[in-house]
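A.B. asks: Protein chains in written order, with the numbering used here: chain A, 1 to 254; chain C, 1 to 242; chain S, 1 to 273.
No lab work stands behind these hints: they were computed from the structure. Fair warning: this is a prediction, and the values are worked out from it, not measured in the lab. Virtual Cβ for every residue (Gly too), placed ideally from N, Cα, C. Please note that the accuracy of each hint is not assured.
[As the list claims (entries may be wrong)] If you want the ones that stay clear, here's a sample from chain A, every Cβ over 10 Å from chain S, calculated:
no.: 1; residue: E9
no.: 2; residue: V16
no.: 3; residue: A26
no.: 4; residue: A37
no.: 5; residue: T46
no.: 6; residue: L74
no.: 7; residue: L89
no.: 8; residue: A101
no.: 9; residue: V121
no.: 10; residue: R151
no.: 11; residue: Y160
no.: 12; residue: D245
[To be verified] Taking lysine-lysine and the BS3-like style, the derived pairs with C-alpha atoms no more than 30 Å apart in a straight line are:
no.: 13; chain 1: A; residue 1: K155; chain 2: S; residue 2: K27
no.: 14; chain 1: S; residue 1: K27; chain 2: S; residue 2: K255
no.: 15; chain 1: S; residue 1: K222; chain 2: A; residue 2: K155
no.: 16; chain 1: S; residue 1: K222; chain 2: S; residue 2: K255
no.: 17; chain 1: S; residue 1: K262; chain 2: S; residue 2: K27
no.: 18; chain 1: A; residue 1: K166; chain 2: S; residue 2: K222
no.: 19; chain 1: A; residue 1: K155; chain 2: A; residue 2: K166
no.: 20; chain 1: A; residue 1: K155; chain 2: S; residue 2: K77
no.: 21; chain 1: S; residue 1: K222; chain 2: S; residue 2: K27
no.: 22; chain 1: S; residue 1: K222; chain 2: S; residue 2: K77
no.: 23; chain 1: S; residue 1: K222; chain 2: S; residue 2: K262
[Claimed, not checked] Cβ-to-Cβ under 10 Å is the rule here; a few derived chain A residues that face chain S:
no.: 24; residue: L92
no.: 25; residue: V96
no.: 26; residue: K155
no.: 27; residue: T164
no.: 28; residue: K166
no.: 29; residue: P174
no.: 30; residue: A177
no.: 31; residue: G204
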Amino acid sequence: MNRRILSREGWIRLAVIVASTAAFEALCRAGFIPRTAVLPPSEMATSLWHILRTGEYNKDILSTLQNVVASAALSVTFGFAFGVVLHALPRLRATVEPLLASYYAIPTFMFYPVFIVVFGVSSRAIIAIAVLLSIVAMIASTLTGLDRIPRVLRKTALIYRMSTPKRAVLIDFPAAAPHLFTGIKLAFAYAFIGVIASEFILSGQGIGYAIAYAYNNFDNRNMYGLMLLVILLATAANTALDTIDRRLQNRSRR
Amino acid sequence: MKRTGDSLLLILGILVLWQVLYWLAGDIALTSPTGTAEHLWKLLGTARFWGHAAETARAFAFAVAISLVGGVALGVLLGLNRTSGVVSEPILIALYSLPKVTLYPLVLLCFGLGMSAKVAFGAMHGLIPVTIFTMKAIMQIKPVFWRTAHVMRLTPRQMAFTIALPAVLPEVIVGARLGFSLTLLGVLIGEMFASQRGLGFMIMSAMGLGDMATIMAVAVFLSVFAIAANALLMWLDRAIPR
Amino acid sequence: MTEPAGNDVHVRLTGVTRAFELSSGAKLHALGPIDLDIRRGEFFGVVGPSGCGKSTLLDILAGLSSPTQGTVLFEGKPINGVPDGVGVVFQEDASFSWLSVHDNVAFGLRRNGVDAAEVSRRVDYAIGFMGLRDFANAYPAQLSGGMRQRVCIARTLVLQPRLILLDEPFGALDQQTRLLMGEELLRLWRETGATVMLITHALDEAAMLSDRVGVMSARPGKFIDFINTEWPRERDSRIVSDPRFGAITSRLWDKLRVESLKSMGTASPGASA
């Protein structure tokens with residue numbers, strides 16, 4: 001492993017981020033960007049600190065995180081199961097493949113109102129739309145993972161005289177694992193987007209709802225604090241998952 | 001043709017599933033496929049629908065133009081230099097996986113209600129994937145291509161048009177396909193919150209009235225449009241020799 | 001452990017053919033008829049033009065596919081599924097990327113329920129034998145192609161197979177590495193007394209390593225010549241400077257050239273079986 005904390009590009013990247021934040025701060029302070037539109041980053045940070053310290057939004061934050069985890073878990077479980085079934089049935093797969101390819105072109109959110117009518121304004125409607133948004137990424141990753149198992153490993157399993165279930169556990173699953181993890185990563189990212197967006201459009205709870213509420217009440221301070229929270233949460237989660245993902249991909253590179 | 005048969009089978013399957021869901025969920029939650037088709041047909045005959053559709057189309061056209069032109073330009077700019085590419089990639093990916101809806105108030109406060117906010121919101125969704133795909137395509141052109149170009153004494157202009165462009169085109173089209181879909185989603189979500197016109201607004205106001213038939217009809221109309229556009233771009237993608 | 005090549009038959013193929021059904025419904029006659037005896041402890045090399053069915057032959061011997069006609073006997077018993085005592089090394093990298101080198105080599109033993117002390121003793125030996133001691137805790141992705149192939153050979157060797165089948169195991173390696181790996185293989189063969197069948201497209205490799213080289217024809221692959229090299233059991237890559245090496249290689253090429261031309265000329269889509 002590299003013993004340096006950051007690569008040269010890492011340092012430049014950090015510098016770019018710090019410099020643009022500082023420039024943003026300066027523009028706000030100098031009044032080029034009106035306070036009524038955007039708060040300077042430092043004030044966003046203080047607001048976020050205040051929000052976390054007083055805990056006034058804890059219920060919303062918890063509700064959002066619960067919904068994200070529930071949606072991602074459902075997507076990963078069922079996406080994996082569907083992926084395995086589709087892989088085993090090539091005829092069905094050939095039929096469904098065009099749908100998978102153009103699925104993300106469909107503006108899924110337009111169907112959110114349907115779920116609201118079915119489930120009411122509730123977590124279930126939010127989870128339904130988030131699962132709808134994230135499950136296909138897991139299905140696609142499962143299919144890719146199973147497709148990319150080298151044929152020679154299947155042959156090797158035969159040489160070791162393994163039964164099919166043994167092969168699935170000892171060879172197929174670990175060989176496909178890096179792609180499955182990519183699926184998990186994507187499922188999380190899409191679930192997060194799905195949950196926040198649904199809360200924003202129509203709901204009674206969650207960070208998305210709190211931001212929309214603050215916006216409607218001209219409460220810029222809390223709005224920008226929460227916005228910063230979402231940005232930090234999403235970036236931290238994605239960076240962490242991405243790092244593991246890269247490590248797994250490197251291990252399996254041939 | 002087996003493929004066409006499969007596609008028909010798929011559409012039939014979806015319609016059957018929909019009908020079954022309708023029987024299970026009932027009138028308040030869903031409209032049946034035939035009911036939706038009838039309602040859509042009726043809507044297509046009204047000037048009100050086409051007014052909203054034209055409004056969405058206008059915002060979408062602007063936003064998609066900004067996403068594609070801006071994304072390709074930005075991607076080329078960042079991709080030509082290895083360092084700038086490596087530096088910006090994680091930042092772009094972080095921006096890409098951000099729930100951009102949260103930033104909507106920011107867009108509204110900066111652009112105000114109306115057309116420009118919708119366009120900005122659409123472009124915010126579409127610009128980044130196009131940039132990422134273009135940038136990666138430029139960075140991944142095989143070094144031997146450049147060396148071959150130098151050996152053949154091509155001018156920079158010739159290099160751009162005979163080597164770089166054909167080499168990156170397939171990837172750029174994939175990016176454009178993604179950018180196209182996400183821009184549409186961005187514009188529609190924009191219309192849902194803060195607009196008095198457009199198909200997104202139509203869905204939102206129908207939701208307020210509990211008018212399921214209109215929600216379903218408009219959503220299906222948009223899905224068909226999106227899938228058709230996507231299929232066209234996929235066909236274009238396959239038509240390019242590589 | 002060392003026992004010289006005896007005269008008793010270890011593997012016997014009688015009238016073996018293999019045909020494949022193409023998607024168009026037509027039959028493709030890929031292999032045979034083949035009649036072949038491999039002696040116990042023999043190092044048998046196989047060369048042949050691309051697509052002549054060499055790998056199909058190996059699959060049949062390994063029990064990975066069954067012949068369309070004919071019989072295959074291993075140690076006097078017909079092959080039905082992968083027989084006990086057979087080890088295979090493939091051309092493609094078959095190391096398990098999710099296991100360390102040590103765990104890769106231990107894989108088969110642990111599956112067979114060998115106790116931990118015995119596993120570690122035999123794995124240590126195999127890892128040492130293949131020169132992998134410093135990399136026991138490394139993962140395959142950290143190793144070069146040649147080292148990964150060593151892992152696969154160690155993984156096969158550790159199970160003490162009586163018949164080792166190698167399907168162009170060094171095909172993806174550079175020339176120098178190939179020669180050195182060839183020496184390792186000879187050492188392994190001498191030390192274990194196993195019967196070895198090596199499929200290769202490299203004439204020098206076949207000529208240098210084998211007791212006997214079989215030359216196969218273009219598809220459908222049949223043996224058209226057998227050459228006894230009469231090398232001493234103790235040999236290494238330096239025999240390439242022996243004048244007989246040149247004679248053997250050129251005789252192989254004389255036979256193979258005609259067949260390779262045939263297979264190039266008649267190559268049809270899907271000929272690269």
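A.B. asks: Taking the hints in turn, state whether each one holds.
C.D. replies: Cross-check of the supplied hints:
no., hint, result
1, E9, "holds (22 Å)"
2, V16, "holds (31 Å)"
3, A26, "holds (46 Å)"
4, A37, "holds (50 Å)"
5, T46, "holds (46 Å)"
6, L74, "holds (27 Å)"
7, L89, "holds (19 Å)"
8, A101, "holds (24 Å)"
9, V121, "holds (45 Å)"
10, R151, "violated (8 Å)"
11, Y160, "violated (6 Å)"
12, D245, "holds (15 Å)"
13, A:K155 with S:K27, "holds (24 Å)"
14, S:K27 with S:K255, "holds (27 Å)"
15, S:K222 with A:K155, "holds (25 Å)"
16, S:K222 with S:K255, "holds (13 Å)"
17, S:K262 with S:K27, "holds (20 Å)"
18, A:K166 with S:K222, "violated (37 Å)"
19, A:K155 with A:K166, "holds (14 Å)"
20, A:K155 with S:K77, "holds (22 Å)"
21, S:K222 with S:K27, "holds (18 Å)"
22, S:K222 with S:K77, "holds (23 Å)"
23, S:K222 with S:K262, "holds (14 Å)"
24, L92, "violated (20 Å)"
25, V96, "violated (23 Å)"
26, K155, "holds (6 Å)"
27, T164, "violated (14 Å)"
28, K166, "holds (8 Å)"
29, P174, "holds (4 Å)"
30, A177, "holds (7 Å)"
31, G204, "violated (45 Å)"
In terms of the numbered hints stated before, the structure departs from hints 10, 11, 18, 24, 25, 27 and 31, listed from lowest to highest.
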